[in-house]
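Novice: One letter stands for each residue in the lines below.
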Amino acid sequence: MSGTDRKKHLGSLALIAPLLVFIAVFFLWPLATMMSQAVSDTAVLKLLPQTAAASRGWDPETPPTAEMKAALAADLQAVDDRQALGDMTRRLNSAQAGFRTLMSRTTRALRSEQVPDLGEIDERWDDPRYWQAIVGALSPTTDRYLLAAVDLERDVSGEIVAMPETASANRAIMLRTFWVAALVTVACLAIGFPYAMLIASTDGWKRQVLLAAVLLPLWTSLLVRTAAWFIILQDNGLINTILVGLGLTGGPVPLIFNRTGVVIAMTHVLLPFMVLPIYSVLVSIPDNLMRAAASLGAHPMRAFLRVLLPLSLRGIASGSLLVFMTAIGYYITPALIGGAGDQMISSVIAFYATGSANWGMAGALGIVLLIVTILLYAIYGRLSSAEERRG
Amino acid sequence: MFQGLRLSFGVLAVVFLIAPLVAILPLAFTSSLFLTYPIPQLSLRWFDELFTAASWKRAIFNSLVIGGGTTLLATVLGTMAALGLRSWRLPFKGTVRTLFLLPMVVPAVVMGVGMQVLFVRLGIASSYLGVIVAHTVVAIPFVVVSVIGGLGGIDQRVELAAASLGASPLTVFRRVTLPLAMPGILSGAVLAFATSLDEVVLTLFVAGPNQRTLARQMFATIRENISPAIAAAAFLFIVGTILLAAIGLLIRARIKARRGV
Numbered sequence: 001m002s003g004t005d006r007k008k009h010l011g012s013l014a015l016i017a018p019l020l021v022f023i024a025v026f027f028l029w030p031l032a033t034m035m036s037q038a039v040s041d042t043a044v045l046k047l048l049p050q051t052a053a054a055s056r057g058w059d060p061e062t063p064p065t066a067e068m069k070a071a072l073a074a075d076l077q078a079v080d081d082r083q084a085l086g087d088m089t090r091r092l093n094s095a096q097a098g099f100r101t102l103m104s105r106t107t108r109a110l111r112s113e114q115v116p117d118l119g120e121i122d123e124r125w126d127d128p129r130y131w132q133a134i135v136g137a138l139s140p141t142t143d144r145y146l147l148a149a150v151d152l153e154r155d156v157s158g159e160i161v162a163m164p165e166t167a168s169a170n171r172a173i174m175l176r177t178f179w180v181a182a183l184v185t186v187a188c189l190a191i192g193f194p195y196a197m198l199i200a201s202t203d204g205w206k207r208q209v210l211l212a213a214v215l216l217p218l219w220t221s222l223l224v225r226t227a228a229w230f231i232i233l234q235d236n237g238l239i240n241t242i243l244v245g246l247g248l249t250g251g252p253v254p255l256i257f258n259r260t261g262v263v264i265a266m267t268h269v270l271l272p273f274m275v276l277p278i279y280s281v282l283v284s285i286p287d288n289l290m291r292a293a294a295s296l297g298a299h300p301m302r303a304f305l306r307v308l309l310p311l312s313l314r315g316i317a318s319g320s321l322l323v324f325m326t327a328i329g330y331y332i333t334p335a336l337i338g339g340a341g342d343q344m345i346s347s348v349i350a351f352y353a354t355g356s357a358n359w360g361m362a363g364a365l366g367i368v369l370l371i372v373t374i375l376l377y378a379i380y381g382r383l384s385s386a387e388e389r390r391g
Numbered sequence: 001m002f003q004g005l006r007l008s009f010g011v012l013a014v015v016f017l018i019a020p021l022v023a024i025l026p027l028a029f030t031s032s033l034f035l036t037y038p039i040p041q042l043s044l045r046w047f048d049e050l051f052t053a054a055s056w057k058r059a060i061f062n063s064l065v066i067g068g069g070t071t072l073l074a075t076v077l078g079t080m081a082a083l084g085l086r087s088w089r090l091p092f093k094g095t096v097r098t099l100f101l102l103p104m105v106v107p108a109v110v111m112g113v114g115m116q117v118l119f120v121r122l123g124i125a126s127s128y129l130g131v132i133v134a135h136t137v138v139a140i141p142f143v144v145v146s147v148i149g150g151l152g153g154i155d156q157r158v159e160l161a162a163a164s165l166g167a168s169p170l171t172v173f174r175r176v177t178l179p180l181a182m183p184g185i186l187s188g189a190v191l192a193f194a195t196s197l198d199e200v201v202l203t204l205f206v207a208g209p210n211q212r213t214l215a216r217q218m219f220a221t222i223r224e225n226i227s228p229a230i231a232a233a234a235f236l237f238i239v240g241t242i243l244l245a246a247i248g249l250l251i252r253a254r255i256k257a258r259r260g261v
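Protein chains in written order, with the working numbering: chain A, 1 to 391; chain B, 1 to 261.
Calculated from the structure, these hints are not laboratory results. Even for Gly, the Cβ is constructed at its ideal location relative to N, Cα and C. Fair warning: there could be bad hints in the mix.
To be verified - Covered stretches of chain B (chain A as the covering partner; in silico rule of three or more C-beta atoms under 8 Å from a C-beta of chain A): (1) 79–86; (2) 109–115; (3) 217–229.
Whenever a hint applies, use it, and build me the whole structure from the sequences.
Specialist: Quick look at the structure:
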């Protein structure tokens, strides 16, 4: 590398560096924080700091030391958050049966003036198994949020097992997210593909109007579009007023706060992402190909199936991926148009993070959503770079 | 028959795409308390509410402050990076560019959770700075794409010619590169502002009650007490969009005109 080249090189680096730092600090670091929330668990550590210090270096096979017992007694006396204590007991009980009765007996005994040795309150406190459970819960890292995100948990012996049906909800929410996204993708494809063909087959002002009809919603605020669908779909909204006015239905058809409304509104919002990639592929197909097929005697339907469809497959794949990928992360439209049964994974993440301050679960579900999105984006990127090479 | 089918499909699809945007506009001028048709009487009361009610006034002010800050920060950072990427020949170039575009792909809720926790630690939660930074992250891809696009059209021989005539690198940049790149930079800035204006999800996570933006206020109003003030705000948004689109088209026309010369 010559001197001027190196200088130029350093200059470019200096221009890129500020954004690189910005993205690292305010984009990558938050993502890393979100992920570390999913595996960090300091709830028990915060309740039992002295026990954590005293049990450092303890051999789990040996009986607990007197210091550990004294530290635990002091920690338990200092606890004033009954909710946190209950959570901890429940957790310890799932790791080692019998903790519930042990804890209630112990906290009752500790309320007296004179603090006896824990072993005197209950002989189970001399059993290493109970202490193993405590030390396990004191660890600042955990996989239980990640497991819970896919409806798994660890049983008493530490094996990974499926959660009971009644407690499992996340897998159902993920399936629902994928299902709604798939419905929206199919609806977008059903409208978007013929629409893109229509644009490609017209010219002049007609093409301009058709294109403008796709671009105008794309440029309009998402909130405005969602509010607009709210107005149209509500019980005394435009559609129902027309339906009832024409006497087609006796009363208003439920279109809002249900799946139908969510799919309609999301299809409208995401339709441009389907039309534009397909359109850009279609206009690059020379139109004499179809004429050639026709002149060779192919029925228009056959020419479409054997010539146009295979050639536009790449645009269809790009558009579908783009729509599906955007749909699974959607928050605003389902939150405003959907009912309780239509909330997708983003709403659940937002609920955990802002509603119940459970950042562990929010992070774990966030990781799932992030992985799926990045995978889909990687496939999309490969498709479109292949496209570029071809072009 | 086929022609008729084509025509009716085209009309129906255009109606589906455009009707919602048209349907909301007249409701901005309703005198009723409800967002429903028919409109009993035309009135400007909801615009009045928008510009006098404390919560809406505050939201409009916040949106302008945060949108302005985001536009400035994203345009400066994005333009510099796009200029750097242009002459940078390294295998990492593709990776870096993908990294800059990634905020467009990652679901906002996922970023929001991380920002909420991290911003508290950094001490910028519930502050204007925090919201501006969050909005800048999602606005960056639009600026980078649009400036790279604008720079791609510059004939590098023009810059070489200026340099060969004795212009210093700084002069070449100031007098040749920057003016040629300006349309791309401006449309990037417009997109950054529009992104910030419409951002809700990150705002939900990082903003405090004092940083409620117009979009956030609209979100809350649709959710809690749907009032025609929404339609009035939507009217402003749509008029604003048309204005921005007109500016964008003007910029594009200028690029075209310049290319023609």
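Novice: So, against the hints stated earlier in the document, which numbers end up violated here?
Specialist: none
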